[in-house]
Amino acid sequence: MSQNNAYFHFTLGPVQGFVSQARRTRDFWAGSFLLSWLAGVAMEAVKIQGGKIIFPIPDDAFLSAIRGENTNHLPKQGGIPNRFMADIDQCASFSGQAVTDAVNEAWLAVCDVVWERDKAGLVQDNNKISQSIWYRQVTNFWDMNWVITQTNDTSALDKRKNLRTHVPSEESGYKCMMMEGYQELSGADGKNSGNKRKSYWNKLILLNHTDIDLRDGEQLCAIAYVKRRFVREFKKVRQSIEVQGQHIIVYGWSLPHNIPSTAYMAATPWLLNLFRQDQQTLAYFSEFNQALEEMARIDETFAIHSERKNHIKSLQGLTSKAASLSLDDISLDGNVYYPSYWDNIRNLVGDKNNYDGRVDAQRKQIIKTLTNLYKAMEHDPSPYYAILLMDGDSLGKQMGFTERQPIISQALNEFTQRAQVVVREHDGFLVYAGGDDVLALFSLNNAMRAAAALQDCYKQCFAQASSKEVPVYSTLSGAINYCHINASLTHVLTDSHDLLDNVAKDGTGRNALAVRVWKPSGLAVQWSQPWDKVLDANYIQNILQAFDVDSQQLDTDNLSVIEALSLAMQKLKQQESSLSVFSSSFFYKTRDLMAMLEEMMQQNNLQVRQAEQLLLAEFLQSGQFGRLDDAMRDKLIQMFGVLIEQSRNYQSFIDDSGKARVDKSSGQCISGDAGILLRILGQKGLGKGDKV
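Position one of the sequence shown corresponds to residue 229 (the numbering used here), numbered consecutively onward.
Honestly, the hints are just simulated from the structure, not real lab data.
There may be inaccurate statements among the hints.
[Stated by the list, open to error] Computed Cβ-Cβ distance ranges for the label pairs, DEER-style: (1) E408 x R443: 31 to 39 Å; (2) I573 x Q849: 49 to 57 Å; (3) K463 x N430: 27 to 35 Å.
All C-beta atoms in this analysis are idealised placements derived from N, C-alpha and C, irrespective of residue type, glycine included.
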């Protein structure tokens, strides 16, 4: 079709349904990677028809790999957004349906290589039911929407999505353990179905040699099975696809089989600390490793997968002053450093019901060596890791200005590249970085600084891409979920989107950071502030100076006020070991008091400054202030004042130019969550009820 000013808008989903439903970090990563790869195929189907991708500018290395051209630096993480806009003004003829057909054909090519590898286990004894379930699910999963417009207004695509014409497949029987609502592949039902399903999956593991890909007892649908197994065969994908009489060939490539576990991310700071220990402590660690070797001797089926290829930057190339410790010694799955792993016999034997007790004594020995190691190091590994989700603010409004679009595309393309470096520099694992979206995993220690560094990098990319004639401003909001390693991964992934959209953006007004802490008992704290308050340089500098914290050893550019307060608390504990003014009970008591005061403030019976004075009076009545000199009392009062400031409900607003400011009329209510967050971060997630 011949047309003027024609634009093609495309989106591929379901995003959260495909990515967030995960039982392991590997599922999380796999969903994100496959979504990016398929979106890249859609872009190639547009380009072969003469279209030009104009927003966002795609990662050329990723597209080159899809075409089979890039063999030197093959992407390992997702980097192509699931939504894009293309200029098709110069296309002699263009078919949006051909784009969706190309995506479906590429997806089926991935499914086919998995099927061919594993069909012996998938179709046992010529089981037609499993084959029927497989093809029903893989051929009717993706929800793609597209529109062609005469303007570059992206709202038309949103209207098209609201029509909801995609009809998912009808699913019956017993359901998948990963993908909600989808039938698991055995199809067993009726009498004795539980034993039939168990037999099917046990035999599948045996026939397909699934190694660590499938755990004992896992029962998956076709979509989840592909996510779990596609990395084994992705390099075999080579699919020729016809698009409007022309052909594109899409390729897969070799991908890592191992992805760092949540427990490994949580334990990383503790593992780094091992290299700073004395000979006696390293001797305890050696005893622990020897106990693991003995376990393998007693039980030949016992195996722990290695994290050697997953080492984060600070661990890679690290050597100990003591010859007794090498990087290989800390290359095991992070779960082994937590007693709860050894308490669950299913982690050690395949069939719990027929377990003969042969490793009980060795399990106890391993836990004993861990206990000795914990005591020598003075603390356990933190059982908390962090999920960081970030997204640009109000870009849709900015895209309404035609002259800003090239600048936005250039800035986002640069940010995509630089975000990978920022995540790595902060010892994180990048799941996805594309356009204005970032998804990554960190330890409890590094997540907040990484978020601060990313939002600063984002603003720099826009500043560098802008011109004096056309300045473009944009901000990046973030959500951090600090998660206990025993928390449901699917739940916290889904919750991260709620935290970002409804708290950081809608609740705090964008240009903000929102944080939640999930303990085994449930949600422990929620806190949110505009970035200007999170990173208030004056407060940070005053706190560090007051408590003589060595700022030369810190990256203060990315240090938050909450983290500065945490460092001050640690310094205070070293100087006044018996001081109890910042005990856990004090923070929880203060939160209860703040809740009461907040109700009074909402009813206009109390002003925020009056509430602050009441809280200060309560603070001065707690602890052991009588034994402190005036200088220390003043420091503590200053510190408490900063904490109260971090407890106020400040909000941002973004003007039409994209600039963000703190709303001066906000901050009139107080919440005690900042104190609880401070306490949890200060304790490294090792408070009462946290240990595993």
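Supplied distance hint 27 to 35 Å, evaluated on CB atoms of K463 and N430: This hint holds: roughly 28 Å between Cβ atoms.
Outcome for the supplied range 31 to 39 Å, where the beta carbon pair is E408 and R443: Given a distance of about 19 Å, which is not inside 31 to 39 Å, the answer is violated.
Cβ separation of I573 and Q849, checked against the hinted range 49 to 57 Å: holds, 50 Å
When each numbered hint is compared with the structure, a violation occurs for hint 1 only.
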